[in-house]
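My numbering puts the sequence shown at residues 2 to 185.
Treat the hints as calculated values from the structure; they're not laboratory data.
Among the hints, erroneous ones may be present.
Calculated lysine-lysine pairs in the BS3-like style (CA-CA distance at most 30 Å, straight line) [as the list claims (entries may be wrong)]:
{"#": "1", "residue 1": "K170", "residue 2": "K159"}
{"#": "2", "residue 1": "K67", "residue 2": "K82"}
{"#": "3", "residue 1": "K55", "residue 2": "K183"}
{"#": "4", "residue 1": "K121", "residue 2": "K67"}
{"#": "5", "residue 1": "K175", "residue 2": "K127"}
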Amino acid sequence: PDDTGILFAEINHYLVTGQLETLIKKLEVAIEKEPDNVSVYTTMGSVYDQLQAKSREAGDVENATKYFDQAKNYYEQALAKDAKNFDAKYSMGALYYNKAATYVDQLNDLAADLTPDGMKNYDATKSEMDALFQQALPHFVEAEQLNEKDANTIIALKEIYARLDQLDKSEEYKAKFESLTKGQ
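Can you make the complete structure from the sequences, with help from the hints?
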């Protein structure tokens, strides 16, 4: 029971097999045994992020919100332990980014309704989405400062700037991405 090597092997197994509920229990034990291990907090945040995405897809907004808050909490704990941890910083940005991206289909549906109420709903939904992208942005900017060669960070920044109608910044990141992936 005290062998952390076995514990982390179990955690890796549950990660691969997607047994999220069991994984949470193992990660809680890992946090107890290694409270300064940033990757355990980041992994726990990722598990809750996966649970919130599944809940959101199932239309369970209440649990999605609860899991989102838990993911955010664990990412914040990871960053409190190491503010320059790339994975935690990137994951925090991705948490907001992915939630914002769930609004895109809803916006496309609302765009067809040109009535005053339809346009009001569109504007309100777009405002919520933009606010989430705005929350993701500083995390990705900091993640890029920590690892300027991470393609996923560059793509996220390009997309966020495009969504926020900052097309010059989006083009800048498009060029960075193309330079980064040249020859691949």
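Hints that the structure is at odds with (numbers, increasing): Hint 3 contradicted; others consistent.
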